Amino acid sequence: MNDAEAPLIEVVGLQAFYGRRRILHGVDFSVRRGEIRVIMGGSGSGKSTLLRHLIGLQRPVAGSVRILGVDAGRASARELLAVRRRLGVSFQGGALITSMSVGDNVALPLREHTALDETTIRIMSRLKLEFVNLGGFHDLMPSQLSGGMTKRAALARAIVMDPELLFFDEPSAGLDPVVSAELDELILRLRDALRMTIVVVTHELESAFRIADRITVLDQGDILAEGSVAEVRASADERIQDLLHRRPRPVEVDVDDYLRRLTDEDG
Amino acid sequence: MIANAQRLLNRIGRRSVAAVDAVGYGAGLVAEALVFTVVGHRRGQPVRLAAIVEQMRQVGFDAIPIVTLLSLTVGLMLAIQFIATLSEFGAQTQVVLAVAKSVTREFGVLITGILVAGRSGSAFAARIGSMSVSQEVDALGVMGIDPVRYLVAPALLAMLLMLPVLTVLSDAAAILGAALYSAPMLDMSVPTYLTQTLAHLTPRDVFEGIAKSVVFALLITVIGVATGFSVSGGAEGVGRATTRAVVVSISAIVIADMVFSFFLNR
Numbered sequence: 009m010n011d012a013e014a015p016l017i018e019v020v021g022l023q024a025f026y027g028r029r030r031i032l033h034g035v036d037f038s039v040r041r042g043e044i045r046v047i048m049g050g051s052g053s054g055k056s057t058l059l060r061h062l063i064g065l066q067r068p069v070a071g072s073v074r075i076l077g078v079d080a081g082r083a084s085a086r087e088l089l090a091v092r093r094r095l096g097v098s099f100q101g102g103a104l105i106t107s108m109s110v111g112d113n114v115a116l117p118l119r120e121h122t123a124l125d126e127t128t129i130r131i132m133s134r135l136k137l138e139f140v141n142l143g144g145f146h147d148l149m150p151s152q153l154s155g156g157m158t159k160r161a162a163l164a165r166a167i168v169m170d171p172e173l174l175f176f177d178e179p180s181a182g183l184d185p186v187v188s189a190e191l192d193e194l195i196l197r198l199r200d201a202l203r204m205t206i207v208v209v210t211h212e213l214e215s216a217f218r219i220a221d222r223i224t225v226l227d228q229g230d231i232l233a234e235g236s237v238a239e240v241r242a243s244a245d246e247r248i249q250d251l252l253h254r255r256p257r258p259v260e261v262d263v264d265d266y267l268r269r270l271t272d273e274d275g
Numbered sequence: 008m009i010a011n012a013q014r015l016l017n018r019i020g021r022r023s024v025a026a027v028d029a030v031g032y033g034a035g036l037v038a039e040a041l042v043f044t045v046v047g048h049r050r051g052q053p054v055r056l057a058a059i060v061e062q063m064r065q066v067g068f069d070a071i072p073i074v075t076l077l078s079l080t081v082g083l084m085l086a087i088q089f090i091a092t093l094s095e096f097g098a099q100t101q102v103v104l105a106v107a108k109s110v111t112r113e114f115g116v117l118i119t120g121i122l123v124a125g126r127s128g129s130a131f132a133a134r135i136g137s138m139s140v141s142q143e144v145d146a147l148g149v150m151g152i153d154p155v156r157y158l159v160a161p162a163l164l165a166m167l168l169m170l171p172v173l174t175v176l177s178d179a180a181a182i183l184g185a186a187l188y189s190a191p192m193l194d195m196s197v198p199t200y201l202t203q204t205l206a207h208l209t210p211r212d213v214f215e216g217i218a219k220s221v222v223f224a225l226l227i228t229v230i231g232v233a234t235g236f237s238v239s240g241g242a243e244g245v246g247r248a249t250t251r252a253v254v255v256s257i258s259a260i261v262i263a264d265m266v267f268s269f270f271l272n273r
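Sequences listed follow chains A and B, in order. First residue of the first sequence? That's 9 in the numbering used here, and the numbers climb one at a time after it. First residue of the second sequence? That's 8 in the numbering used here, and the numbers climb one at a time after it.
Read the hints as simulated data drawn from the structure, not as lab findings. Worth double-checking, as some hints may not be accurate.
[What the hints assert, rightly or not] Ranges of calculated distance between the beta carbons of each label pair, as one might list FRET restraints:
#  : chain 1 : residue 1 : chain 2 : residue 2 : range
1  : B       : R49       : A       : L135      : 28 to 36 Å
2  : B       : A34       : A       : Y266      : 42 to 50 Å
3  : B       : V24       : A       : V237      : 46 to 54 Å
4  : B       : S23       : A       : I131      : 16 to 24 Å
5  : B       : F214      : A       : L135      : 50 to 58 Å
6  : A       : R119      : B       : L76       : 35 to 43 Å
7  : B       : R49       : A       : T127      : 54 to 62 Å
8  : A       : R93       : B       : R21       : 49 to 57 Å
9  : B       : A38       : A       : D265      : 41 to 49 Å
10 : A       : T106      : B       : L93       : 52 to 60 Å
[As the list claims (entries may be wrong)] Over the 10 Å line for every Cβ pair with chain B, so calculated as not near, a few chain A residues:
#  : residue
11 : L65
12 : P68
13 : R92
14 : V97
15 : E120
16 : D147
17 : D245
18 : R268
For clarity, every value in this text was computed on a predicted model and none was experimentally measured. Glycine included, C-beta positions come from ideal geometry on N, C-alpha and C.
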């Protein structure tokens, strides 16, 4: 982190398994300071699994993940905690604590990690709510928010500690185009105004092309392509073109494999 | 035939491993929660007094009416049965002793345990289960708030503090209930009945119940939170976990009670 050139995230040869199935096949991935990196891929591409590793919810079984210069596989609980205070995560469903008001949700990281007095905490959390255009909504409960408002409230909570690194899981999933465009706008403002490095996981092409500095395309646990928006668009790879043009992928069936799956008792 | 036997053995083996795994997981949760309580402040993961007090209100204070009411009823019922049985030997006066000992050693803590398992064990499982399903537990984790410290430790401490208190309250209510029925039957006043009860009771009787209540508190909390954390499968999973938490913790309480009684009364 002292070295401005060193990547904030560095993943080398990451593999992940779900039971016996391999989800990630040796992924190499790095994110530089100040960029918006979009991880794109269809469902089952392993993008959610990659994200769980990047935010330290899953420890790598093979390969290494370095976040903000700390090796997530070897870090002690204390080191991991220190890293977590420097990153923010906005979950797909918002993951606001349902028993707390929106304001308390946003203030939660401040209350838990700082010794600030209540007035400062209130002002800081309301500032962030204003930033995501939710000024005045701090008294509402999460269940009273619409989908777009929930995502914005979750974003406010993710940025309340002014993280260096922000993760955003599916910002536009389940939102109408206008609200989703507003969220994209917010993400761009975060990079430009607050100088955050942002990693967005999404399957929405439009949103990805609008916000990304660089795009990583993940497919069935492998990185298909990595590059600027123009480079990815121009890619000759058939799978990427399938993804870009929403073409269904051909289903390939291995006869032996198929029969084994049908008759396998251990499931 | 052999294939069937193999399959059966296979299943028994897997279940046993799963059971041992669950016990280990539960023990780990308790250990972690206690470590956070002691050294959490130094590690930046303090277990907050406000959270403990709030849990104490939910598991303890809010349970007072129902615990009192049911204990009073059970006390009354015990008195009716004891007097009916003891009068066959002309020993109805022994009802004071019988009620005093059985309530403080067994019934007070058992009623309290079962009630709290139904109220709070299920609440722990439902709360943590729905939080797991909606990624709230993950969110706490990535915010640098350890879910065990934030969700489990306050609940465990509140239970360890409140269950003994509720047990003593239950003892008192049950004995009062017994007094209300027995005193007129034995031609004595309620205060006399209570004074006689106190004369019969030794500190050991009450402590037996309190010791059990501490173990019950541990069992209810661990089973509730562990079931909650292991929820998968959406809203239906939360429902299943809640039921499971209650059934398993009540079974655990009753079995633990039996084991305790066996060793304490040899």
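Which hints, by number, does the structure contradict?
4, 7, 8, 11, 13, 14, 15
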